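Working from the sequences, and respecting the hints, build out all of it.
Chains as they are written, first to last, in numbering that gives the first Met the number 0: chain A, 0 to 222; chain B, 0 to 185.
Since the hints were derived computationally from the structure, they do not count as laboratory data. Predicted model, so just to flag it, every value in this text is computed and none were measured. One or more of the hints may lead you astray.
Computed from the model, here is a short list of chain B residues facing chain A with C-beta under 8 Å [to be verified]:
id	residue
1	17
2	18
3	19
4	24
5	29
6	32
7	49
8	116
9	141
10	145
11	146
12	150
13	165
14	166
15	171
16	174
Straight-line alpha carbon distances no greater than 27 Å define the calculated BS3-like cross-link-like pairs of lysine-lysine that follow [said to hold, decoys possible]:
id	chain 1	residue 1	chain 2	residue 2
17	A	76	B	80
18	B	62	A	175
19	B	62	A	76
20	A	207	A	196
21	A	175	A	196
Glycine included, each C-beta is placed from N, C-alpha and C at the ideal position.
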Amino acid sequence: MNTANETERSEIEDLLPWHAAGTLDHRDTQRVEAALAEDAELARRYELVREELGETIHLNETLGAPSPRTMAALFAKIDAEPARRPTVSLNLSARIGEFFASFSPRTLAWSATAAALAIMLQAGIIAGVMLKDRNPGGYETASAPTTVTGEGSYALIRFQPSANVTAVTNFLETNKLSIASGPSAGGVYRMRIAATKLAKPDLDRAVKQLQQDAVVSFIAITE
Amino acid sequence: MQTTSDEVLIGRIANGDRLAMQVLFARHHVGVYRFVLRLVRNEATAEDLISDVFLDVWRQAGKFEGRSAVSTWLLSIARFKALSVLRRRPEEELDEEAAGAIEDHSDDPEIALAKKDKGAAMRECLNELSNEHREVIDLVYYHEKSVEEVAAIVGIPEATVKTRMFYARKKLSELLKERGIDRGWP
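Okay, structure coming up:
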């Protein structure tokens, strides 16, 4: 076996414990499996790793569990802590995670249908917003009840049910958006899209730009 | 059935939600306890430590940034607290416990029986490893932590994690060999 092969084999051997535990990424898993299929000695060593894995689990499982007094002791300490005032602004990932976690799988399935409808409605709503711009006495967009007021410009946003947490978080960070309230029924958030009160044309432009993002299912200006 | 993610629970805990704290505790306290117990080797100390670990979670939840899994964060806190306790413990106590953990296996009938049972022998050897070796083996095999996560918990580079795991396994083989079990490796 040449040096390059030795190095590769040594690298693969180092990964065997993680392969046995199932914690390697896809690429390394494939590397290890390919090497195990070709190298009988490596496969023998892998069996040793699997023995270690089994006995380590066995050993830990015989350690028992803490007594119920542990939980009682914890909550006694928590009760002794100063009262905590709930804060509206959790970190962004947690808020978005909460948003996704609030749906059951069935709700998510229905959300996909609702999202399709929302896309159809969206065109009408945007047209309505533009119409309103030309005619002050005309159509006005509906908005969910809001709980936070303050300086700035706001929009109601609902995300695509298929959008993942990372994509939504990136969208919010890239566009410097912050969640003012929500989600309300239907998963709509009221977002602050600018720290100051934008003029109507600027606001329309900002909303149109946000609407281009793939994670947005619905967006409308609100107070 | 859908379960609430650990990250969401942490968000709720940051807002003072005791129920979320109970759920997180129920989900992780056994694993954290076993990790700590293997380090401090004293059940009462391990129990005290886990209530301290979860109290830290209650206090610090608002600062959790989600850069690692919640279980990784918990084990990091647990490890730090366990090592602090070990540092404070008198040396005599440590010596007594170490002596208790390392059995004399000359002419002992139980050990003779264990020789016949490779699994039991290996579990004895796992107990005889140093804390440094034991924790890396437990984190990888029992707590199912990746190289990156072990590095985060122990506070060492990823390459060192692999090296440490190799030497922990090598030591395990040597201990088994002392008991007459030659695995033909390393």
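Verification of the supplied hints:
no. : hint           : result
1   : 17             : 7 Å, holds
2   : 18             : 11 Å, violated
3   : 19             : 11 Å, violated
4   : 24             : 6 Å, holds
5   : 29             : 5 Å, holds
6   : 32             : 5 Å, holds
7   : 49             : 6 Å, holds
8   : 116            : 11 Å, violated
9   : 141            : 4 Å, holds
10  : 145            : 4 Å, holds
11  : 146            : 6 Å, holds
12  : 150            : 12 Å, violated
13  : 165            : 6 Å, holds
14  : 166            : 11 Å, violated
15  : 171            : 7 Å, holds
16  : 174            : 12 Å, violated
17  : A:76 to B:80   : 17 Å, holds
18  : B:62 to A:175  : 21 Å, holds
19  : B:62 to A:76   : 20 Å, holds
20  : A:207 to A:196 : 17 Å, holds
21  : A:175 to A:196 : 15 Å, holds
Comparing the model with each earlier hint shows violations of hints 2, 3, 8, 12, 14, 16; every other hint is respected.
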